Amino acid sequence: MRRDETLAAYLQRRGISRRGFLKFCAATASLMALPPGMAPTIAEALGKAKRPSVIWLSFQECTGCTESLTRSHNPTLESLILDAISLDYHHTLQAAAGSAAEEAREHAMEQFKDQYLLIVDGSIPVKHNGVYSTIAGMTNLQMLEETARHAAAIVAVGTCAAYGGIPHANPNPTGAVPVTEIIKDKPIINVPGCPPIPVVITGVLAHYLTFGTIPELDDLHRPLAFYGDTIHDRCYRRTFYDQGKFAKTFDDEGARNGWCLYELGCKGPTTHNACATTKWNNSTSFPIESGHGCLGCSEPDFWDAGSFYKPLSTSTTDLSDWAVGAVVAGAAAGVAAGLYHKVKKSSAVSRHHAVTVDELEDKP
Amino acid sequence: MNNLSDIAVSVEHRAPAQVLAVLTEIDAHLQALADLGTESAIDLRSLPFFPGDYELLKDLLGEGELKATLDSLGPTYIHETRVPGVWWVTHFNEAEEKIAEFIEVTRLPALLQTDAESLQYAPATLAELIGQVKGEHDAS
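Chains A and C are the protein sequences, given in the same order.
Residue 313 in the numbering used here sits at position 313 of the first sequence, with consecutive numbering throughout.
Position in the second sequence counted from 1, then plus 1000, gives you the numbering used here.
Fair warning: there could be bad hints in the mix.
Claimed, not checked - The list that follows gives simulated cross-link-like pairs (lysine-lysine, DSS-like), each with its CA atoms no further than 30 Å apart:
#1 A:K279 to C:K1134
#2 A:K279 to A:K310
#3 C:K1098 to A:K245
#4 A:K50 to A:K245
#5 C:K1058 to A:K48
#6 C:K1098 to A:K50
#7 A:K127 to A:K50
#8 A:K48 to C:K1067
Just so you know, these hints were derived from the structure itself, not from any lab.
Computed from a prediction, not measured in an experiment: that's the story for all the values here.
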């Protein structure tokens, strides 16, 4: 697709009819979780939209977010939306390498100053001046600050970019932080999830492509269209929760009958995401439908939020019996738990032994 | 080795509340169509169906006498259900994967109508065909 071409003109040049264009707009409305009646509005907007430049920066990440996006099961819609943007820099997908790749980024930043969309996946380490992750001789911190300076908007894809993710998990050795802790003067859209659902990523891109604006966001900068409800709010097993029917183990009668997984650790009640409606793998299923509780991967610090297999109502630490009694008693609970943690931490610190390189090499 | 099919899994019988909710919504849309001419659509992707609900809804609404297939960016299947004015529209991509699905409450879905823009080019397309036939006629 040419830079100065609208998406509508691009589709027409590819021989796609007006009906095909309307079909594309209807599917895009569904993708963006907009009412079906918005399809004509999308058609009108896309009729005028030009091709935005997109720079994708990958920092402390596992590439799962890129894998999620590129393994999407909607190649027609996906490829059209990805064709409609100009992905000028992406470590995994670009053909260029080395200085040629960095020149492509710098060229896009200069040519589309204040207009390009910046996508970030992975957290940014800041400890020891950000030395724990570098690209082309620049720390991630330097690269983010430089590239964000003239971006129109930033999309933080994945829980790592949105909240710090796994690198941020206790003890956070690299000082990993999310994009919002570094960039304070740009509109930021958080698209959390470990990884995010691919259609959610594409839906956000489609929204920007269509309307040239960022969608309505919640207090954690997440698009309300996809993160406005909790998993619990839209879960098809909610009726069993309301009736007090819970699976107690993964293979008991309740599990086989598809009962609520709350007692098996499901974090659905406190997790905002679109898994229960949009689902995964081309709307095939989602964790709860497959028999496993929600991990809460689109919420901050989900790795440090306690066991995946204990109910939400359980304390996140293994308190001894006397502490449990104090919790029930009320006011003394905080003191009791605090004292217990202090003893536990002190004990852990005294037991800690730093392994040296020589010791590692001596081991068989 | 045990087979997956040896694991006893059953879906507990329950009232199809979701299906009832969708049918009630369709009823309201039909009323608006009849009284005010307002067209509506329900995006089936966004509904938290219990396993079996989708199939039940599709069976209940069934198929009427009119079916059509659109062949653009992959197939789209459109049929009027046994309830007049209620249409089932399923979009597939070129890999035959479902990309969107709607229940439309309308006298005729927009996709089945010829749009004004395409109509502008129709005389030119027809003129070309007429010219072709005339040429063959004159040659003979």
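Checked hints:
1. A C-alpha spacing of about 57 Å is found between K279 of chain A and K1134 of chain C, which places the hinted pair above 30 Å, so the restraint is violated.
2. With a CA separation close to 24 Å, the supplied pair K279 of chain A and K310 of chain A stays within the 30 Å bound.
3. At roughly 33 Å between alpha-carbon atoms, K1098 of chain C and K245 of chain A are farther apart than 30 Å, so this suggested pair is violated.
4. A hinted pair counts as satisfied when its Cα atoms are at most 30 Å apart, and K50 of chain A with K245 of chain A does not qualify at roughly 52 Å.
5. Distance restraint check for K1058 of chain C and K48 of chain A: the Cα-Cα separation of roughly 37 Å exceeds the 30 Å cut-off, and the hinted pair is therefore not satisfied.
6. Taking the CA atoms of K1098 of chain C and K50 of chain A, the gap is near 28 Å; set against the 30 Å cutoff, the hint holds.
7. Distance restraint check for K127 of chain A and K50 of chain A: the Cα-Cα separation of roughly 40 Å exceeds the 30 Å cut-off, and the hinted pair is therefore not satisfied.
8. The suggested pairing of K48 of chain A with K1067 of chain C is violated, with an alpha-carbon distance near 33 Å, which exceeds 30 Å.
The structure shown violates the earlier hints numbered 1, 3, 4, 5, 7 and 8.
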